[in-house]
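From first to last, the protein sequence lines are chains A and B. Using the numbering used here, you'd call the opening residue of the first sequence number 193 and step up by one each time. Using the numbering used here, you'd call the opening residue of the second sequence number 13 and step up by one each time.
One or more of the hints may lead you astray.
[Said to hold, decoys possible] Label-pair distances were calculated between CB atoms; the ranges are:
1. A:GLN454 / B:THR131: 32 to 38 Å
2. B:THR131 / A:ALA434: 46 to 52 Å
3. A:THR450 / B:ALA87: 30 to 36 Å
4. A:SER204 / B:GLU98: 43 to 49 Å
5. A:GLU482 / B:ARG151: 44 to 50 Å
6. B:THR131 / A:ARG381: 46 to 52 Å
7. A:GLY413 / B:HIS108: 31 to 37 Å
8. B:THR51 / A:MET193: 32 to 38 Å
9. B:GLY86 / A:GLY383: 39 to 45 Å
[Said to hold, decoys possible] With a Cα cut of at most 20 Å, we get these calculated DMTMM-like pairs of lysine to aspartate or glutamate:
10. A:LYS194 / B:GLU16
11. A:LYS271 / B:ASP70
12. A:LYS271 / B:GLU140
13. A:LYS221 / B:GLU140
14. A:LYS194 / B:ASP70
15. A:LYS194 / B:GLU35
In case anyone wonders, no lab produced these hints; they're calculated from the structure. As the structure is a prediction and not an experimental result, all values here were calculated from the model. The beta carbon of each residue, even a glycine, is placed where N, CA and C say it ideally should be.
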Amino acid sequence: MKPASFRYVAASDVADAVALLTEHGDTAKLLAGGQSLVPMMNLRLSRPGVLIDLNRMPQRNTIAVEDGLLRVGLLVRQKEAEHSPIVLAQIPLLAEAIAEIGHAQIRSRGTLVGSCCHADPAAETPAVLLALDGSVRVQGPQGAREIAASDFFLGYFQTALAPDEVATDLLFPIPAQGTGSAFLEFARRHGDFALVAVAALVHLDAEGAVQGAALSLAGVGPSPLRATGAEQFLIGRRAEPAVLLEAARIAAQGIEPTDDVQASAAYRTQLAQTLVERALLIAASRAAREVA
Amino acid sequence: MQAEDRIRINLTVNGSSVSQQVEARRTLADFLRYDLGLTGTHTGCEQGACGACTVLLDGVAVRSCLIFASQLDGAAVETVEGLANESLHPLQEAFHRHHALQCGYCTPGFLMAAKELLTVNPDPSETEIRQALSGQICRCTGYENIVQAVREAADTLHGAKGRDA
Ligand SMILES: Cc1cc2nc3c(=O)[nH]c(=O)nc-3n(C[C@H](O)[C@H](O)[C@H](O)COP(=O)(O)OP(=O)(O)OC[C@H]3O[C@@H](n4cnc5c(N)ncnc54)[C@H](O)[C@@H]3O)c2cc1C
Ligand code: FES
Ligand code: FES
């Protein structure tokens with residue numbers, strides 16, 4: 193199908209985008225990579241009156257390390273981050289997760305910031321941002337603010353962004369030395385949205401005991417979730433298979449997926465347990481290599 | 013700037029300059045097909061899933077059904093019509109030789125995605141070919157011959173020895 197008529201305007205910078213959002217109100221939509229918005233417009237599930245194109249802004253495609261944070265600007269495409277030497281060196285978890293997003297021809301346009309603003313419950317980037325206790329920097333008529341990932345993702349396709357705000361950057365804290373990570377997901381076909389996706393980070397001390405752990409799951413609820421019970425359980429324990437399996441059980445007990453056309457709740461719960469266990473095994477062995 | 017429902021764009025398509033007024037909602041796929049008569053670019057799903065509409069935008073393979081022509085002032089677009097000159101492009105030759113198409117609906121998308129692959133990775137492994145083409149759907153061929161054709165085109169284009177194709 194074809195999209196309904198709209199008026200088009202290219203924002204010259206973030207302040208201009210905020211001004212245009214303020215001017216056009218509810219009828220306006222921001223266009224980043226268009227890989228979620230345009231399918232919805234073509235299906236007429238979304239019918240913005242004014243489309244504000246962010247793609248013409250200069251200097252918004254930066255990937256940089258600042259104060260222990262990896263900052264990803266609003267026009268950074270998924271493909272750029274996937275192959276960025278900075279990302280691969282500092283947060284390999286992010287590159288691993290991005291490789292699971294759709295296909296190369298989608299990642300060439302889709303942005304990381306846009307993916308977080310779209311907030312699909314099965315999306316990879318929000319799960320990584322949440323696992324790392326990252327945040328979203330946004331700008332509105334009143335100025336800039338930072339929203340923690342735990343406060344940003346509110347539910348199915350819902351975020352804490354105000355209608356007149358533009359998300360300008362994602363801020364990913366860089367994991368400490370001695371941290372291993374893994375991103376795993378299962379989808380029926382390669383490139384499809386995950387039925388369940390798991391981001392795991394394990395930080396080991398010199399004796400091989402877990403000093404810190406972070407686990408987030410996507411696809412098991414209205415927004416990505418942290419498995420805090422499992423994280424707590426792991427602290428101070430040795431990262432042995434039986435311990436990791438028990439953590440995975442705890443994580444699976446903590447989720448309440450619903451039945452849908454893709455999978456039953458029971459199947460998703462079982463899948464979550466299996467993926468958490470595997471992700472923890474990989475993350476722990478990578479951490480052990482870091483410590484050694 | 014003012015929001016407009018018709019936009020003037022200047023761009024190049026297969027190396028030729030084009031200057032046109034387009035409706036804001038015109039997708040690149042429809043712009044190519046209806047406004048420029050370049051019907052080699054096909055549309056299947058118009059939601060990014062099938063890959064039939066894949067073209068190169070500034071050298072990068074993208075879904076032309078998910079980009080508006082109104083966004084493309086100053087851009088360079090390459091479509092399947094730009095592949096052959098006097099003779100077929102090595103990818104087209106290889107598709108022909110390997111029987112890598114049957115109905116041909118998906119073929120323009122595969123060719124453009126493969127062209128990008130061989131530009132960034134002149135000597136891809138079979139796995140890399142499959143990964144690069146995973147977003148292209150073909151209902152006819154079963155993919156095997158497509159993968160072989162791309163591998164052979166890589167050899168022809170870059171004179172490399174066949175690896176695992
Ligand atoms: C075939 C296909 C398969 C896909 N598979 C996956 C997958 O497996 N996993 C996955 O995570 N995604 C997948 N996607 C979606 C893809 O990752 C999108 O790129 C992403 O969800 C949205 O990013 P975008 O830059 O394209 O945003 P757009 O589509 O341009 O925008 C999405 C929404 O976010 C808003 N927005 C965008 N940028 C900003 C900003 N800076 N500030 C405020 N609001 C903003 C827009 O207004 C819109 O509401 C798939 C898409 C397709 C077509
Ligand atoms: S028509 Fe564009 S991806 Fe199917
Ligand atoms: S040749 Fe018919 S769909 Fe690919």
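Consistency of the hints with the structure:
Between GLN454 (chain A) and THR131 (chain B) the Cβ separation comes to about 36 Å, which falls inside the hinted range of 32 to 38 Å. A hinted range of 46 to 52 Å holds for the C-beta pair THR131 (chain B) and ALA434 (chain A), which are about 49 Å apart. With their beta carbons about 43 Å apart, THR450 (chain A) and ALA87 (chain B) fall outside the hinted range of 30 to 36 Å. For the pair SER204 (chain A) and GLU98 (chain B), the supplied restraint of 43 to 49 Å holds, since their beta-carbon distance comes to about 44 Å.
The beta-carbon spacing between GLU482 (chain A) and ARG151 (chain B), approximately 46 Å, falls within the hinted interval of 44 to 50 Å. Evaluation of the 46 to 52 Å hint for THR131 (chain B) and ARG381 (chain A) yields a failure: the beta carbon distance comes to about 26 Å. Checking the proposed 31 to 37 Å range against GLY413 (chain A) and HIS108 (chain B) shows it is violated: the Cβ atoms sit about 50 Å from each other. A C-beta distance of roughly 19 Å is found between THR51 (chain B) and MET193 (chain A), which places it outside the suggested range of 32 to 38 Å.
Between GLY86 (chain B) and GLY383 (chain A) the C-beta distance comes to about 31 Å, which lies outside the given range of 39 to 45 Å. Only pairs whose Cα atoms come within 20 Å are accepted, and LYS194 (chain A) paired with GLU16 (chain B) is accepted, the gap being roughly 18 Å. With a C-alpha separation of about 15 Å, the suggested pair LYS271 (chain A) and ASP70 (chain B) falls inside the 20 Å cut-off, and the hint holds. At most 20 Å may separate the alpha-carbon atoms for a hinted pair to count; LYS271 (chain A) and GLU140 (chain B) meet this at roughly 15 Å.
As the CA atoms of LYS221 (chain A) and GLU140 (chain B) are separated by approximately 36 Å, the hinted pair breaks the 20 Å bound. A hinted pair counts as satisfied when its Cα atoms are at most 20 Å apart, and LYS194 (chain A) with ASP70 (chain B) does not qualify at roughly 24 Å. Distance restraint check for LYS194 (chain A) and GLU35 (chain B): the Cα-Cα separation of roughly 12 Å lies within the 20 Å cut-off, and the hinted pair is therefore satisfied.
Taken one by one, the earlier hints fail for this structure at numbers 3, 6, 7, 8, 9, 13, 14, listed in ascending order.
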